[in-house]
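S.K.: Here is how the chains run, residue by residue.
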Amino acid sequence: MENQTKAVSFNPKTPTVLHIDLNSCFATIEQQANPKLRGKPIAVAAYDSPRGCILAPSKEAKLLGIKVGMRVSEGKILCRNLIILTPDPWKYRTIHMRLKELLLHYSNVVIPKSIDEFIVDIEGYPAEHMGAVEVAKEIKERIRKEIGEWLTVSIGIAPNRYLAKIGAGLHKPDGLDVIDAESFSAIYKSLELTDLCGIKVGNASRLQNGGIHSVWDMYSAPIWQMKAAFHSIVGYYWWMRLHGWEIDDVESSRKTYGNSYALPDTRVTPQALAPILMKLVEKTGARLRKAGYVARGVHLAIVYRDHSFWHKGKSIEEDIFDSRDIYKHAYALLEQSPERKPVANIAISCFHLSTAKGVQQGLFEDREKKGRVVEAIDAINERWGAFVITPAMMMGMGDKIIDRISFGGIKELEESILHS
Amino acid sequence: MVYSVERKGKYREDTFLHSGMIQKIHTPVSVTLFYNHRVRQVTPTNIVWNGREYDIIRIGLHHTYRIGRTLFHIFSVETDALFFKLVYDTDSLHWILEEIADGEPN
Chain A
0 MENQTKAVSF NPKTPTVLHI DLNSCFATIE QQANPKLRGK PIAVAAYDSP RGCILAPSKE
60 AKLLGIKVGM RVSEGKILCR NLIILTPDPW KYRTIHMRLK ELLLHYSNVV IPKSIDEFIV
120 DIEGYPAEHM GAVEVAKEIK ERIRKEIGEW LTVSIGIAPN RYLAKIGAGL HKPDGLDVID
180 AESFSAIYKS LELTDLCGIK VGNASRLQNG GIHSVWDMYS APIWQMKAAF HSIVGYYWWM
240 RLHGWEIDDV ESSRKTYGNS YALPDTRVTP QALAPILMKL VEKTGARLRK AGYVARGVHL
300 AIVYRDHSFW HKGKSIEEDI FDSRDIYKHA YALLEQSPER KPVANIAISC FHLSTAKGVQ
360 QGLFEDREKK GRVVEAIDAI NERWGAFVIT PAMMMGMGDK IIDRISFGGI KELEESILHS
Chain B
0 MVYSVERKGK YREDTFLHSG MIQKIHTPVS VTLFYNHRVR QVTPTNIVWN GREYDIIRIG
60 LHHTYRIGRT LFHIFSVETD ALFFKLVYDT DSLHWILEEI ADGEPN
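Just so you know, the sequences run in chain order A and B.
Residue numbering for the first sequence is 0 to 419, as defined by numbering that gives the first Met the number 0.
Residue numbering for the second sequence is 0 to 105, as defined by numbering that gives the first Met the number 0.
Honestly, I wouldn't trust all of these hints.
Below, simulated DSSO-like cross-link-like pairs (lysine-lysine); rule was C-alpha separation at most 30 Å, straight line [claimed, not checked]:
| no. | chain 1 | residue 1 | chain 2 | residue 2 |
| --- | --- | --- | --- | --- |
| 1 | A | Lys356 | A | Lys368 |
| 2 | A | Lys66 | B | Lys23 |
| 3 | A | Lys58 | A | Lys112 |
| 4 | A | Lys226 | A | Lys12 |
| 5 | B | Lys23 | A | Lys58 |
| 6 | A | Lys171 | A | Lys199 |
| 7 | A | Lys199 | A | Lys311 |
| 8 | B | Lys23 | A | Lys35 |
| 9 | B | Lys23 | A | Lys39 |
| 10 | A | Lys61 | B | Lys23 |
| 11 | B | Lys23 | A | Lys90 |
| 12 | A | Lys313 | A | Lys369 |
| 13 | A | Lys282 | A | Lys99 |
| 14 | A | Lys99 | A | Lys58 |
| 15 | A | Lys282 | A | Lys90 |
| 16 | A | Lys282 | A | Lys112 |
| 17 | A | Lys75 | B | Lys23 |
| 18 | A | Lys282 | B | Lys23 |
Treat the hints as calculated values from the structure; they're not laboratory data.
Here the structure is a predicted model, which is why all the values come from computation and not from measurement.
For reference, chain B alone in the conformation it holds in the complex (with noise of 0.2 Å):
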C-alpha cells in the first residue's frame, strides 16, 4: 500500500500514492508500548494514524539523540507493507510519526 500526500502535507488514507516514497511527516501518532520487565525491554508493538491500526512486525533499529537536554528515543519499525520512524519525546512524553518509506525507489 502507499499513501497520498495532500498538498497541505496532511496524509489520507485511501488516496494513495505515488508508489517510491521516502515522506517526512512530523506528526503526532497513537504508539502502544509493551515492557518486558523480565528481559527489560521496551517494544512499540502498534500505531494508530490517520484513523487506521498497523500492527509493528518489526523493529529495525532503535537509537536516541538529544537536543538540548531533551531526549528522544527512536524506533524505526517495519509494518506488513510500510516503514515508519516514530520519534518519542521524553520531556512531553509525546510520540511523532518522523517519516514514512514504502521502500520503492524515489
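Okay, chain A solo, but in the shape it has when bound (with noise of 0.2 Å):
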C-alpha cells in the first residue's frame, strides 16, 4: 500500500521534457574541428601557460583525471601528452546556434540552458508522437550528420525539467535516460545526496541534520520534513521536483551585465589596475547599450593572488550608461579596497537596470549630447571592429580581455548571433 501511495505521488505524466547536454562541449568541438585531435587527451583552458586554468577536458583527458579547474601545469603531470588549446569562442557560438536550429525541428519550446546546454519540450508537438525516447535517438544521430560526427550529446527525459537534467547527467558521454513514474525508484537509490544539481555539502548537511540522509530518503520525506530540514519554502520546491512536478520553467529577467578578468601578470595598485578596468568597462558599458538597458549600480570583485576575497557595490541617484561614468564610479570604488596585494582576477558589473527611455536632462550636464556621443562610438565600433575608438587610457591593452565565454547564462548569444 505504502509503495502504491508513493508511486501515485510521482507525476504519472508521460515524459516529454528533453535535456540535451553536449559532451565535454569546448573540448569535443575542438576535435571536431581538427580530426588529428579525435581520441587524444586534450584540454581547452583559460591560458596555455602553466598556470592557466582548465576550462574543458576531452572524454580522453577525462579518463585520466584531469578536471575542470586544474591548473594547466597540474594536467600535464597526470598526462605529459595532454594537448592544450585556448578558447575558440566563435567555434563554439556556432554548434550552439547550429543544434537550437535543429532541435527547432521538434518543439519551439527550445531553452538554451547555456552554451552546451539546452531544454526541449515536446509536450503538443507533433514530435510527442514519436515518443521522447525515439525524439533523442534521432537528434542524436542528426547532430553526428548534420553538424558534427564527433560530437555527441547525453540527454535525459523526464515529466519535469529539474529530473530531465538528472538524467542527462547518469551517463556520460552519449548518455539517454529517462526518469519516470516507472524508472524513478531505481535511479533515486542509486544516487547520492549530493549527485543532485543543487545538493552540495551546506545543502546535504541541511538534510541530513534534519533525518534525511539518501535522495530516496529525500523522495520519501513528506513535506513538513523537507520544509523543516531545509528551514523555508524550498524544501517544498524540492519536493515538487522529486515527484516530478515542474517548478522551473519560470525564466528570469536579467539583473546585471558585467565582465571579469583573471590577470596574468602581477598588478597591485588601482593605477595598475586602471586600464584593464577601463576595458573591462568598456566591453559591459557597450553590452548595456546595445541590449537598451541604462543601470543605477556599479559592483565590484576583487579575488586576491593569496584567495582572499574583496567586493563593493555602489547605487547611483540618476540613470548611467556612459562607460566613462561607469569607469568613474567603478574607480572609485577600487581607490577604497582596503588591500594593497597582488590580483588574480577583477570583475565589474553594472546593476538595477531599467530600459532605456529616452535621456533625462541633468542640472550640469548636457546628457542628450552626451547620449548622441556615445551612441556615434558605438556605431563606429559597430561598424570596423570593436574597440576602433577606445579612451586613451587602453593604449597598449592589445588584446588583453579577450573573448569569453561564460559558463552559466546566455542570454546575449543569440542576440550576438542574430545581429552579426
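Combine the two chains into a complex, taking the hints into account.
M.R.: Here it is, written out as C-alpha cells:
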C-alpha cells in the first residue's frame, strides 16, 4: 500500500521534457574542427601557460583524471601528452546555434540553459507522437550527420526540467536516460544526495540534520519534513522537483551586466589596474547599451592571489549608460579597496537595470549630447570592430581581456549571432 | 611531417620541426575552392603554401564570425599530415592561413 502511494505521488505524466547536454563541449568541438586531435587527451584552458585554468578536458583527458578547474601544469603532471588549446568562442557559438536550429525542428519550446545545454519540451507538438525516446535517438543521429560526426550529447528525459537534467548526467558521454514513474525509484536509490544538482555540502548537511540521508529518503520525506530540513519553502520546491512536478519553468530576467578578467601578470595598485578596469567597463558598457538598458548601480569584485576576496557595490541616483561614467564609479570603488596586494581576478558589473527610455536631462551636463556621442562611438565600433575607438587609457592593452564564453547565462548569445 | 619556424615567424619547408606544435601564423595562402551548385556546398580542396601543395582530405568545421561588419569564413581542414585553419575575408576576398598543427602534444 505504501509503495502504491509513492507511485501515485510521482507525476504519472508521460515524460516530454528533454535535457540535452553536449559532452565535453569545448574540447569535443575542437576535436570536431581538428580531426588530428580525436581520440587524444586534450583540454581547453583559459591560457596555455602553466597557471592557465582548464575549462574543458576531452573525454580521453577525463579518463586520465583531468578535471575542470585544474591548472595546466597539474594536468600535464597527470598526462604528459596532454594537448592544451585556448578557447575559440566563435566555434562554440556556431555549434550552439546549429544545435538550437536542429532542436527547433521538434518543438518551439527550446530553451538554452548554457552554451552546451538545452531544454526541449515536445508536449503538444507533433514530435510527441514519436515518443521522447525516439526523438532523443533521432536528435543524436542528426547531430552526428548534420553538425559534426565527433559530437555526442547526453540526453535526459523526464516529466520536469530538473529531473531531465539529472537524467542527462547519469551516463556520459552519449547517454540516454528516462526518469519517469516507472524508473525513478531505481535511479533515486542509486544516487547520493550530492549527485543532485543544487545539493552540495551545505544542503546535504541541512538534510542530514533533518534526518534525510539519501535521495530516496528525500523523495520519501513528507513536505513538512523537507520544509523543516531547509527551514523554508525551498523544501517544498525540492519535494515538487523530486516528485516530477514542474516548478523551474520560470525564465529569470537579466539583473546585471558585467565582465571579469583573470590577470596573468602581477598588478597591485589601482593605477596599475586602471587600464584593465577601463577595458572591462568599455565591454560592459557596450553590451549594456546594445541591449537598451541603463543602470543605477556599479559593483566591483576582486580576488587576490592569496585567494582572499573583496567586493563592494554602489547605488547611483541617476541612470548611467556612458562607459566613462561607469568607469568613474568603478574606479572610486577600486580606490576604496582596503588591501594592496597582487590581484588574480577583477570583475565589474552594473545593476539596478532599467530600459533606456530617452535621456533625462541633468542639472549640470548635457546628457542628450553625451547620449549622441556614445551612440556615435558605438556605431563606429560596430561597423569597424569593437575597440576601434577607445579611451586613451586603454592604449597598449592590445588583446587583453579576450573574447570569452561564460559557462552560465547565454542570454546575449543568440542576440549577438543574430546581429552579426 | 612537421614544420619549423624561423625566428622572424616565417615558416620554411624542409627544416622542420619540433613535433607537437600548434602554431598561429596569419599569413596569405592560396586556396582552391570548389562550389557544387547541386548541393549548394562550398569545399576548399587544396592549399598552396610556401611553395608546396596540400590536398585537403577532410573539413572538420566551417564557421563564421564578424569583425565590425566584415564577415569571415573559417575552414578547419585536415591534410595527410597537418591541420590548417583557413580564414576567408569576404571584404577583400583574400585567404589567410591562421594556424597549423600536427595534432601532437605541445
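S.K.: All hints are to be evaluated individually against the structure, with a verdict given for each.
M.R.: The hints, checked one at a time:
1. Taking the CA atoms of Lys356(A) and Lys368(A), the gap is about 15 Å. The hint holds against a cut of 30 Å.
2. Using a Cα cut-off of 30 Å, the hinted pair Lys66(A) and Lys23(B) holds, with the two alpha carbons roughly 26 Å apart.
3. Straight-line distance between C-alpha atoms of Lys58(A) and Lys112(A) comes to about 22 Å, which keeps the hinted pair within the 30 Å bound.
4. Under the criterion of a C-alpha separation no larger than 30 Å, the hint pairing Lys226(A) with Lys12(A) is consistent with the structure, at around 25 Å.
5. For the suggested pair Lys23(B) and Lys58(A), the alpha carbons sit about 25 Å apart, so the restraint of at most 30 Å is met.
6. Among the hinted pairs, Lys171(A) with Lys199(A) is consistent with the structure: their alpha-carbon atoms are about 20 Å apart, no more than 30 Å.
7. For the given pair, Lys199(A) sits about 27 Å from Lys311(A) by alpha-carbon distance, which is consistent with the 30 Å threshold.
8. For the suggested pair Lys23(B) and Lys35(A), the alpha carbons sit about 17 Å apart, so the restraint of at most 30 Å is met.
9. At roughly 21 Å between alpha-carbon atoms, Lys23(B) and Lys39(A) fall within 30 Å of each other, so this suggested pair holds.
10. Among the hinted pairs, Lys61(A) with Lys23(B) is consistent with the structure: their alpha-carbon atoms are about 27 Å apart, no more than 30 Å.
11. This hinted pair checks out: Lys23(B) and Lys90(A) have alpha carbons roughly 16 Å apart, not beyond 30 Å.
12. The hinted pair formed by Lys313(A) and Lys369(A) meets the criterion: a straight-line CA distance of about 22 Å does not exceed 30 Å.
13. Of the supplied pair hints, the one linking Lys282(A) and Lys99(A) holds, its CA atoms being roughly 26 Å apart against a limit of 30 Å.
14. As the CA atoms of Lys99(A) and Lys58(A) are separated by approximately 23 Å, the hinted pair is consistent with the 30 Å bound.
15. For the given pair, Lys282(A) sits about 21 Å from Lys90(A) by alpha-carbon distance, which is consistent with the 30 Å threshold.
16. For a cut-off of 30 Å, the pair hint linking Lys282(A) to Lys112(A) stands: about 23 Å separates their Cα positions.
17. A C-alpha spacing of about 22 Å is found between Lys75(A) and Lys23(B), which places the hinted pair at or below 30 Å, so the restraint holds.
18. A distance of roughly 26 Å separates the Cα atoms of Lys282(A) and Lys23(B); the hinted pair therefore holds under the 30 Å criterion.
Of the numbered hints listed earlier, not one is contradicted by the structure.
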